[in-house]
Amino acid sequence: MTQSNRIKGGVIDRAKTLSFFFNDQRLDGHAGDTLASALIANGVKLVGRSFKYHRPRGIFSAGSEEPNALVQLRRGTFQEPNTRATVAELFDGLCATSQNHRGPLKYDLLAVNDLFSPFLSAGFYYKTFMWPKAFWEKLYEPIIRSSAGLGRLSGKADPDVYDKGFLHCDVLIIGAGPAGLAAALTAARSGARVILADEDFRLGGRLNAETLEVGGANGADWAAGTVSELSSMENVRLLTRTTVYGAYDHGVYGALERKTDHLSDSGGRPRQVLWRIYSKAAILCAGSTERSIAFGNNDRPGVMMAGSVRAYANRWAATPGKRVAIFTNNDDGWRTATDLASRGIDISAVIDTRDRPPLEAPAGALVAMGSAVADTKGRHGISAVTLTNGQTIDCDCLAVAGGWNPNVHLTCHQRGRPEWREDIAAFVPGNDLPAGMSVAGAANGAMTLSAAFKEGHERAGSIAGDLGFKPSETAPPKAEDEAAEITAFWHVGQSKARAWIDQQNDVTAKDVKLSHKEGYRSVEHLKRYTTLGMATDQGKTANMLGLAVMAECTGKSIPETGTTIFRPPYSPVPIGAFAGRARGKDFRPTRLTPSHQWAEEQGATFVETGQWLRAQWFPQSGETHWRQSVDREALQVRSTVGICDVTTLGKIDIQGRDAAEFLNRAYANGFAKLAVGKTRYGLMLREDGVAMDDGTTARLSETHFVMTTTTANAVGVFRHLEFCRQCLWPGMDVHLISATEQWAQYAVAGPKARDLLRKVIDPEFDISNEAFPFMGCGEITVCGGTPGRLFRISFSGELAYEIAVPTRYGDAMIKALMKAGEEFGAVAYGTEALGVLRIEKGHAAGNELTGQTTAQDLGMGRMVSKKKDSIGNTLSERPDLNREDGLTLVGFVPANRGDELKAGAHFVSKGKAATTENDEGWMTSVAYSPSLGHSIGLGFIKRGHERTGEVVQAADPLRGSNTDVEIVSPHFIDPEGERLRV
Amino acid sequence: MSEATLKARSPLDNFHQDFGNLEIREVTGLALVSIATPLGGETQLEGAMASAYKAELPRVGTSTVSGVDDTRFLGLQPGQMFAMFAHDGDRAVEFVSKKLGENGYYTDQSDSWVFIQLSGTAARTALERICPIDIHADAFPIGAVTRTVMEHLGTIITRTGEDTFVLISARSSAKSFLHAVLTSVNNVQ
Chain U
89 MTQSNRIKGG
99 VIDRAKTLSF
109 FFNDQRLDGH
119 AGDTLASALI
129 ANGVKLVGRS
139 FKYHRPRGIF
149 SAGSEEPNAL
159 VQLRRGTFQE
169 PNTRATVAEL
179 FDGLCATSQN
189 HRGPLKYDLL
199 AVNDLFSPFL
209 SAGFYYKTFM
219 WPKAFWEKLY
229 EPIIRSSAGL
239 GRLSGKADPD
249 VYDKGFLHCD
259 VLIIGAGPAG
269 LAAALTAARS
279 GARVILADED
289 FRLGGRLNAE
299 TLEVGGANGA
309 DWAAGTVSEL
319 SSMENVRLLT
329 RTTVYGAYDH
339 GVYGALERKT
349 DHLSDSGGRP
359 RQVLWRIYSK
369 AAILCAGSTE
379 RSIAFGNNDR
389 PGVMMAGSVR
399 AYANRWAATP
409 GKRVAIFTNN
419 DDGWRTATDL
429 ASRGIDISAV
439 IDTRDRPPLE
449 APAGALVAMG
459 SAVADTKGRH
469 GISAVTLTNG
479 QTIDCDCLAV
489 AGGWNPNVHL
499 TCHQRGRPEW
509 REDIAAFVPG
519 NDLPAGMSVA
529 GAANGAMTLS
539 AAFKEGHERA
549 GSIAGDLGFK
559 PSETAPPKAE
569 DEAAEITAFW
579 HVGQSKARAW
589 IDQQNDVTAK
599 DVKLSHKEGY
609 RSVEHLKRYT
619 TLGMATDQGK
629 TANMLGLAVM
639 AECTGKSIPE
649 TGTTIFRPPY
659 SPVPIGAFAG
669 RARGKDFRPT
679 RLTPSHQWAE
689 EQGATFVETG
699 QWLRAQWFPQ
709 SGETHWRQSV
719 DREALQVRST
729 VGICDVTTLG
739 KIDIQGRDAA
749 EFLNRAYANG
759 FAKLAVGKTR
769 YGLMLREDGV
779 AMDDGTTARL
789 SETHFVMTTT
799 TANAVGVFRH
809 LEFCRQCLWP
819 GMDVHLISAT
829 EQWAQYAVAG
839 PKARDLLRKV
849 IDPEFDISNE
859 AFPFMGCGEI
869 TVCGGTPGRL
879 FRISFSGELA
889 YEIAVPTRYG
899 DAMIKALMKA
909 GEEFGAVAYG
919 TEALGVLRIE
929 KGHAAGNELT
939 GQTTAQDLGM
949 GRMVSKKKDS
959 IGNTLSERPD
969 LNREDGLTLV
979 GFVPANRGDE
989 LKAGAHFVSK
999 GKAATTENDE
1009 GWMTSVAYSP
1019 SLGHSIGLGF
1029 IKRGHERTGE
1039 VVQAADPLRG
1049 SNTDVEIVSP
1059 HFIDPEGERL
1069 RV
Chain A
19 MSEATLKARS
29 PLDNFHQDFG
39 NLEIREVTGL
49 ALVSIATPLG
59 GETQLEGAMA
69 SAYKAELPRV
79 GTSTVSGVDD
89 TRFLGLQPGQ
99 MFAMFAHDGD
109 RAVEFVSKKL
119 GENGYYTDQS
129 DSWVFIQLSG
139 TAARTALERI
149 CPIDIHADAF
159 PIGAVTRTVM
169 EHLGTIITRT
179 GEDTFVLISA
189 RSSAKSFLHA
199 VLTSVNNVQ
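So the protein sequences, as listed, match chains U and A. Oh and the first sequence: position 918 is 1006 in my numbering, straight run, nothing missing. Oh and the second sequence: position 20 is 38 in my numbering, straight run, nothing missing.
Rather than coming from a laboratory, the hints here were simulated on the basis of the structure. Each hint should be verified, as a subset may be incorrect.
[Unchecked claim] Rough simulated footprint, nothing fancy, chain U against chain A, three-plus residues with beta-carbon under 8 angstroms:
1. 25 to 32
2. 75 to 83
3. 101 to 107
4. 143 to 149
5. 160 to 166
6. 179 to 191
[Stated by the list, open to error] Capping the alpha-carbon separation at 27 angstroms, the derived lysine-lysine pairs in BS3-like fashion look like this:
7. A:K25 with U:K847
8. A:K25 with U:K907
9. U:K96 with U:K410
10. U:K644 with U:K584
11. U:K465 with U:K410
12. U:K766 with U:K955
13. U:K598 with U:K673
14. A:K25 with A:K72
15. U:K761 with U:K954
16. U:K761 with U:K847
17. U:K244 with U:K96
18. U:K903 with A:K25
19. U:K566 with U:K244
20. A:K193 with U:K673
21. A:K193 with U:K903
Ideal Cβ positions, reconstructed from N, Cα and C, are used throughout, including at glycine.
My request is simple: use the sequences and hints to build the entire structure.
Rendered as structure tokens:
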């Protein structure tokens, strides 16, 4: 097909011809075209089918407000549905397909829906398909779902790359039309750091679409020159193809930059970048959007917004019709007539709703003042209009000018409410703008070019001054105030055929009336009931019409009827852009232990614990089940020695003259008298008396402690202590810093632990039981002088130590420990064996410290020292936390030793039904104990301390099991603690 | 007694890559020691700094440099600064405590962090993708330092030259952090 509707002029690059495909038909366009302008240039009128009635639809507008021309772009996994052809920049090889039809676009089988329109009015799905009830899920809903929607996703992972970023500026200017360019020039010349963002790929806004002159020059040329000046300034950043979609707190704006959407191949670079822009001030220069008029069959392909028809002719040299009629209620519509006529396009009529003398009309055009279009004719495109007086006028395009709505969207993002201005028959931004935002130009109701320049210039000058810059003494660009008078006219009441309000959602004037009739009269209800203003265009061309028709119904004025406000995003933002680069394994960072590489080399299986990857177990050849590895590791620890990387435990370095007293207040048990060279187990309570975290704290000197926390609570405990230090006790000399990353720390546990350590710790350090007893700690050197720390603490219940060296030596240290342990048959053990060993010993861990359990529940009630005050001390005395029938942590073994226990099972007394009322507690941790040869568990049960020997049910209805278990001591191994003191 | 001494490893095994307009390099051989000011001891610490280092206490967000040995003091929060200096050993605290005595509380942080230096004209462009802080030359002069978050990872950023920045982030997540930096660089190439 040749470009039959391409005319002269425009700002496209005719030297560069681009081929593209629409529904597999190869067409040509030029660089500078959008998909829409190229389709128009090729005479394509029908581009899609409507959402509900599958009515034929054409291009309606020339911007992001487009309700109709939604297409699928690209192919395969790159396919992107619901893309507006009006903002899709043309590139060579672009593939676009129309949406929402069964069979060919022209002969859509579902067009039959239109015949059933009386049954498909607003809210039909609330009223129909109610009977029989069972049919809804199986029949009605699947049918409706398969018919509904517009485009289709590929169903595969998005292959594109996305990114995010952060920008900063003094002044953010949103929109690079006349007001935006004037504002940018003024702000930039003052020396302020300026970001100028515009959704278009060519900056200039309506200057590119009009024939208005600026300072005696063509407006588009002036825009290009201004952009050139701005781009040469170091303090200016121009963001083309960038939509500022949201205004957030403190001058932060969200913006989507389309980096490679206009290229056939992104080359692996991010397709889009989601920017967070931090601004000191922002000027919204988003212009205005033209609105339609509701009349019969106003959705036919070829019925378009008048300003858009003009834009296609002036900017893209593409005419939507050869014989165009104009339907207007304002002066601006006449400009479409004169502009088109000046380009040789035949104007068949100018129909103006106003009773006033006509403006100057093109020669040969019928002028009908005080008249209106009642209906249109044509099948897949308009062929004629019928006026309210019955007169029929032939045309292949109807340009509708219903007036312009300032783009107030971003002014509403923090609940700002627009205000009605009668003189322009539109809402303008109210006074409650987001902090730091001001509005200039058409977005503020300054609807003429001269006024827009003036506002942009003045706003920017004033803001630059406020920010401490010296505005230049220049005047705003010179332009005329074009005719812009309007008399509001919304709806042709004489139309018998359906009059579309919202073309994207197939909402008609009749639907709005129905909404009123059924009591959904507030604008918010109207929106939800009819779906007016939803979907990709967010009702940019429709909302005002719907509101006006509702006002007609209620007999109220438009401001009395109210308006909906807007929330982000201004136009659709792909979910992929929000995800950015955070996909797959890059979703979040991974923390690796110092022995990670070594563990990988040993073939370890890893488990995520928070952000950490920890070795879970170390399979050896011949082991086919994880339990074999874990049993071996646990048994070896009990019989000889094992080594486990425990670096992930939080380590907090605490120093200061008041450090001991600080700990005394933070821990429930006493720490003031902990001797230098000693370690103590500590339990920390929350203010409400519930257990928060536990760990050991070592005293390295009078003023220096090292606290360990659980891996999971490392950050939380640090934060809590900082709060205590800064807010509760600011008069204390205490200083905290995390040392978790500083030390590679290994647990060396088992009867041979000391023997092994003697081989790595330098001989001048005596680690005999007498010199370095249980709970001792000290600074040492290892392997010939490397500094280290040694703690004699045990999680496993065996003779055990934790040895720490600076992390840089972590890799070498695990190798040194394993080598030193060879003669003892030392094993590396992972988190599973660690868990088995601690359950056998009866130590509480995260499963027991749930944030709901108390020291009393944990069997550590007596640890809460009453000789001092500490956080949580008082509230731990609340009666309900100290009930006689309170929970107690005890051990459980299966009555039938061969049974397997499951964590999460609930305890019910024998003979009672497994119901919530009979629930007496739950199993927190279970393991297979290789030492005992059967399953064991820890759990909380009411009055557990006095029920040793009782058999209860461990009911697990979710997994369909119920096991008899015997209550035993939680210390399955070495209850007297003899092993760890040898 | 062990047969062999322990061999130190840097978090990224001395990573280095040159992109032409940007060079990414793991900085090794640096010591980092946190210095906490004893409550009420600011004047004494200030005096010790002046005499031992010929340096002022840095205000939060700025750094000062020793007139004696190029040690850079990073002002990170009220009552806490980091001393950053060339030192390849594992006794960094001793160096500082010898000079400042009991006028501060010292904690070795040398092994807690990875140091990644970005230098070149594309440094700011690349950092725009992960750094929420305004690092424009006017807003973040040479010597400026601040804590921030990059790709969910706590990061200290300091500007050490016209187009040179050092990013300091947790050692355990050094590989993820490097990946974040390299992704940023690749995304703007």
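Quick rundown of the hints versus the structure:
no.: 1; hint: 25 to 32; verdict: holds (count 4)
no.: 2; hint: 75 to 83; verdict: violated (count 0)
no.: 3; hint: 101 to 107; verdict: violated (count 0)
no.: 4; hint: 143 to 149; verdict: holds (count 4)
no.: 5; hint: 160 to 166; verdict: violated (count 0)
no.: 6; hint: 179 to 191; verdict: holds (count 4)
no.: 7; hint: A:K25 with U:K847; verdict: holds (17 angstroms)
no.: 8; hint: A:K25 with U:K907; verdict: holds (15 angstroms)
no.: 9; hint: U:K96 with U:K410; verdict: holds (14 angstroms)
no.: 10; hint: U:K644 with U:K584; verdict: holds (24 angstroms)
no.: 11; hint: U:K465 with U:K410; verdict: holds (16 angstroms)
no.: 12; hint: U:K766 with U:K955; verdict: holds (21 angstroms)
no.: 13; hint: U:K598 with U:K673; verdict: violated (52 angstroms)
no.: 14; hint: A:K25 with A:K72; verdict: violated (35 angstroms)
no.: 15; hint: U:K761 with U:K954; verdict: holds (15 angstroms)
no.: 16; hint: U:K761 with U:K847; verdict: violated (33 angstroms)
no.: 17; hint: U:K244 with U:K96; verdict: violated (43 angstroms)
no.: 18; hint: U:K903 with A:K25; verdict: holds (11 angstroms)
no.: 19; hint: U:K566 with U:K244; verdict: violated (53 angstroms)
no.: 20; hint: A:K193 with U:K673; verdict: holds (12 angstroms)
no.: 21; hint: A:K193 with U:K903; verdict: holds (22 angstroms)
Checked against the numbered hints above, the structure breaks hints 2, 3, 5, 13, 14, 16, 17, 19 and satisfies the rest.
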